[in-house]
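A.B. asks: Line order of the protein sequences matches chains A and B. Per my numbering, the very first residue in the first sequence carries number 19; after that it's consecutive. Per my numbering, the very first residue in the second sequence carries number 465; after that it's consecutive.
Take these hints with a grain of salt, some might be off.
To be verified - Below, simulated DSS-like cross-link-like pairs (lysine-lysine); rule was C-alpha separation at most 25 Å, straight line:
#1 A:274 - A:239
#2 B:581 - A:67
#3 A:72 - B:650
#4 A:187 - A:239
#5 B:650 - B:581
#6 A:344 - A:334
#7 A:67 - B:634
#8 A:344 - A:220
#9 A:334 - A:187
Stated by the list, open to error - Between beta-carbon pairs, the in silico distance windows are:
#10 B:506 - A:285: 46 to 54 Å
#11 A:165 - B:568: 39 to 47 Å
#12 A:33 - B:556: 51 to 59 Å
#13 B:662 - A:31: 24 to 32 Å
#14 B:569 - A:209: 40 to 48 Å
Rather than coming from a laboratory, the hints here were simulated on the basis of the structure. Positions of the beta carbon are idealized from the N, C-alpha and C atoms, including for glycine.
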Amino acid sequence: MAEIQSYTMNFGPQHPAAHGVLRLVLEMEGEVIHRADPHVGLLHRGTEKLAESKPFNQTIGYMDRLDYVSMMCNEHGYVLAIEKMLDVEVPIRAQYIRVMFDEITRILNHLLWLGGHGLDIGAMTMFLYCFREREDLMDCYEAVSGTRMHATYYRPGGVYRDLPESMPKYQESKFRSKKEIDRLNSIRDGSLLDFIEAFTNKFPGCVDEYETLLTDNRIWKQRTVNIAVVSPERAMQLGFTGPMLRGSGVEWDLRKKQPYEVYDRLDFDIPVGVNGDCYDRYLVRIEEMRQSNQIIKQCVKWLRANAGPVMVDDHKVVAPTRVEMKDDMESLIHHFKLFTEGYCVPEGEAYAAIEHPKGEFGVYLISDGANKPYRVKIRAPGFAHISAMSEMVEGHMLADVVAVIGTQDIVFGEVDR
Amino acid sequence: MDERFGEQITRIASTCGELTFEVAKDDLHDVATALRNEGEFGFEMLIDVCGVDYLTYGSDEWNTSSATGTGFSRGVEREPVILDEADEFDTRRFAVVFHLLSVRHNLRLRLRAFTGKDNPPVMRSVVDIWNGANWFEREVFDLFGILFVGHPDLRRILTDYGFIGHPFRKDFPLIGNVEVSYDAEKGRVAYQPVSIEPRTLVPRVIRDDNRYSADLKDNADG
Numbered sequence: 019m020a021e022i023q024s025y026t027m028n029f030g031p032q033h034p035a036a037h038g039v040l041r042l043v044l045e046m047e048g049e050v051i052h053r054a055d056p057h058v059g060l061l062h063r064g065t066e067k068l069a070e071s072k073p074f075n076q077t078i079g080y081m082d083r084l085d086y087v088s089m090m091c092n093e094h095g096y097v098l099a100i101e102k103m104l105d106v107e108v109p110i111r112a113q114y115i116r117v118m119f120d121e122i123t124r125i126l127n128h129l130l131w132l133g134g135h136g137l138d139i140g141a142m143t144m145f146l147y148c149f150r151e152r153e154d155l156m157d158c159y160e161a162v163s164g165t166r167m168h169a170t171y172y173r174p175g176g177v178y179r180d181l182p183e184s185m186p187k188y189q190e191s192k193f194r195s196k197k198e199i200d201r202l203n204s205i206r207d208g209s210l211l212d213f214i215e216a217f218t219n220k221f222p223g224c225v226d227e228y229e230t231l232l233t234d235n236r237i238w239k240q241r242t243v244n245i246a247v248v249s250p251e252r253a254m255q256l257g258f259t260g261p262m263l264r265g266s267g268v269e270w271d272l273r274k275k276q277p278y279e280v281y282d283r284l285d286f287d288i289p290v291g292v293n294g295d296c297y298d299r300y301l302v303r304i305e306e307m308r309q310s311n312q313i314i315k316q317c318v319k320w321l322r323a324n325a326g327p328v329m330v331d332d333h334k335v336v337a338p339t340r341v342e343m344k345d346d347m348e349s350l351i352h353h354f355k356l357f358t359e360g361y362c363v364p365e366g367e368a369y370a371a372i373e374h375p376k377g378e379f380g381v382y383l384i385s386d387g388a389n390k391p392y393r394v395k396i397r398a399p400g401f402a403h404i405s406a407m408s409e410m411v412e413g414h415m416l417a418d419v420v421a422v423i424g425t426q427d428i429v430f431g432e433v434d435r
Numbered sequence: 465m466d467e468r469f470g471e472q473i474t475r476i477a478s479t480c481g482e483l484t485f486e487v488a489k490d491d492l493h494d495v496a497t498a499l500r501n502e503g504e505f506g507f508e509m510l511i512d513v514c515g516v517d518y519l520t521y522g523s524d525e526w527n528t529s530s531a532t533g534t535g536f537s538r539g540v541e542r543e544p545v546i547l548d549e550a551d552e553f554d555t556r557r558f559a560v561v562f563h564l565l566s567v568r569h570n571l572r573l574r575l576r577a578f579t580g581k582d583n584p585p586v587m588r589s590v591v592d593i594w595n596g597a598n599w600f601e602r603e604v605f606d607l608f609g610i611l612f613v614g615h616p617d618l619r620r621i622l623t624d625y626g627f628i629g630h631p632f633r634k635d636f637p638l639i640g641n642v643e644v645s646y647d648a649e650k651g652r653v654a655y656q657p658v659s660i661e662p663r664t665l666v667p668r669v670i671r672d673d674n675r676y677s678a679d680l681k682d683n684a685d686g
């Protein structure tokens, strides 16, 4: 019989299970992996360098494109860092809107993760189920910002505009019948808040559906239980954050521990895993979706009851309205200055972190007093997670690599920046 | 902190209520080990490692002595700065910033260490203290060319295979030095010098803003 030798295998960069452009060089003995060497950077765009050459506000759009499945959370981290330096107090309504959209984003992210992770390890149906609900949440993005993904909705000082009173509707086309259009538009008659509330009432049922398909599924458990176990000490040593850390049993969530915006006024729980394997991380994320749903409900209730401004009234940072600009000289000057030069941020440095769906997303900002940042460093959670790839797959089979990529919830937009 | 480390660290005045300490390059490893292992600190997580190039800190590019005649430069004159060949750097040019987090005490801390005048800049690696530093240090090496002594596997990470230069240094042009295109004769993608010109759409300006002036704030408080 031939002797089995170790050999090197190349995985990716164009591989459907690599979730983007990941190239893995695997040292294997038969089916068993000895060492994995991830090559990242194939999507490196130099976001941080680009940010140094632009006024502060023009970089918000780049933030959407970092982790392109949790767009608004990235914006939030960046905007918070600027606000910290400018010492701007955001209106309370804007804080609630931000929290609501952060949680919508968390559900969006976890749905894509669940769909992709399921598809990778043999649960085809998940993908279709998850995308069905994602569609509704994308509509919320569209209603509030005009785009379905890259919203650029958060601004230093608040959010770009208040929640709309009407939802965008489907229009009749030769692909869809009148009856079908009426069915689709029936939930879009009210305001955005009505739409979101209808979603939050329906969504726990959807999560139950996902769980019916997976949680006790024999195949799902075979693919995830005891795969890539990470101890709590190791997880902290490796810089894990978010569900990766909580899956290992460390109770750490910035929304509870270092609350920003209005998280300290909201009632929600932090799920924590026990074993630190792929299955526990799956359970943590599923429960996070339920908790996010709870938070959204509370925000909707508050937002219905309390009207108010969504932007600070400081025209050194925020552009005046069109109407003001047309008949007020000072507003015109402010408008001109903001759009030709931007605002200067006082000298200093700040680090703002938020609990992003994937972990701790931090923005470290250094300003020398100019209208452009001196240095922006984006601390992407996925970067720390994928650096532990080798350790997590060691001793597992080739097919488990896919499960590990899935459980880490890797998106290359943020890893490569 | 001051009691435990004394001379080894310098407290930097914080702007946003964040703890920042400056530590000498040679003391970095000792201080970091103590911060991680001693119970009263307990910084068991390294959140981030960030390289900074202070070359153009505090300089603006707004040149209004004469109107611009050509192009899109908006009055910005560019002079190529090539300092990489210098034998010595300004001692406060390159810095490495470490962000630490203590889960136990719910506390954040920032450590900054300057690399000194060596070319190439050198820093002591902290991979043996926090294993998660591995890739963060590779990134700093790749983008700033700072070498980490004691790093197990210091390779480029984000840039292309065979990339030349360290793109996040301030003297590296935003548009880069080379571009790629498909060469039909060679039958492969080939590198060539960039064919585009840099543009400045909004010049960098620094304005004194009285609202943030420390003197005025003190006066206002009484």
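A.B. asks: Measure nothing beyond the straight line between the CA atoms of residue 187 of chain A and residue 239 of chain A; if it is 25 Å or shorter, mark the hint as holding.
C.D. replies: violated, 41 Å
A.B. asks: Hint check: residue 72 of chain A vs residue 650 of chain B, CA-CA at most 25 Å. Holds or violated?
C.D. replies: Violated, at roughly 38 Å.
A.B. asks: Confirm or reject the claim that residue 165 of chain A and residue 568 of chain B have a C-beta distance inside 39 to 47 Å.
C.D. replies: Given a distance of about 42 Å, which is inside 39 to 47 Å, the answer is holds.
A.B. asks: Tell me if the straight-line CA distance from residue 274 of chain A to residue 239 of chain A falls inside 25 Å.
C.D. replies: Violated - the C-alpha atoms of residue 239 of chain A and residue 274 of chain A are around 30 Å apart, more than 25 Å.
A.B. asks: Does the Cβ pair residue 569 of chain B, residue 209 of chain A satisfy 40 to 48 Å?
C.D. replies: Because 44 Å falls inside the window, the suggested range holds.
A.B. asks: For the hint 46 to 54 Å, verify it against the beta carbon of residue 506 of chain B and that of residue 285 of chain A.
C.D. replies: violated, 30 Å
A.B. asks: Quick check: does the Cβ-Cβ distance between residue 33 of chain A and residue 556 of chain B fall within 51 to 59 Å?
C.D. replies: violated, 45 Å
A.B. asks: Falls inside 24 to 32 Å, the C-beta gap from residue 662 of chain B to residue 31 of chain A?
C.D. replies: With a Cβ separation near 30 Å, residue 662 of chain B and residue 31 of chain A satisfy 24 to 32 Å, so the hint holds.
A.B. asks: Holds or violated: are the alpha carbons of residue 344 of chain A and residue 334 of chain A at most 25 Å from each other?
C.D. replies: holds, 17 Å
A.B. asks: Do the alpha carbons of residue 344 of chain A and residue 220 of chain A lie within 25 Å of each other, as the hint requires?
C.D. replies: violated, 45 Å
A.B. asks: Just to be careful, I want the Cα atoms of residue 650 of chain B and residue 581 of chain B compared with a cutoff of 25 Å; is the pair within it?
C.D. replies: Distance ~43 Å between residue 650 of chain B and residue 581 of chain B Cα, so the pair is violated.
A.B. asks: What's the verdict on residue 334 of chain A and residue 187 of chain A, does the C-alpha distance respect the 25 Å limit or exceed it?
C.D. replies: Distance ~37 Å between residue 334 of chain A and residue 187 of chain A Cα, so the pair is violated.
Hint violations for this structure: numbers 1, 3, 4, 5, 8, 9, 10, 12, all remaining hints satisfied.
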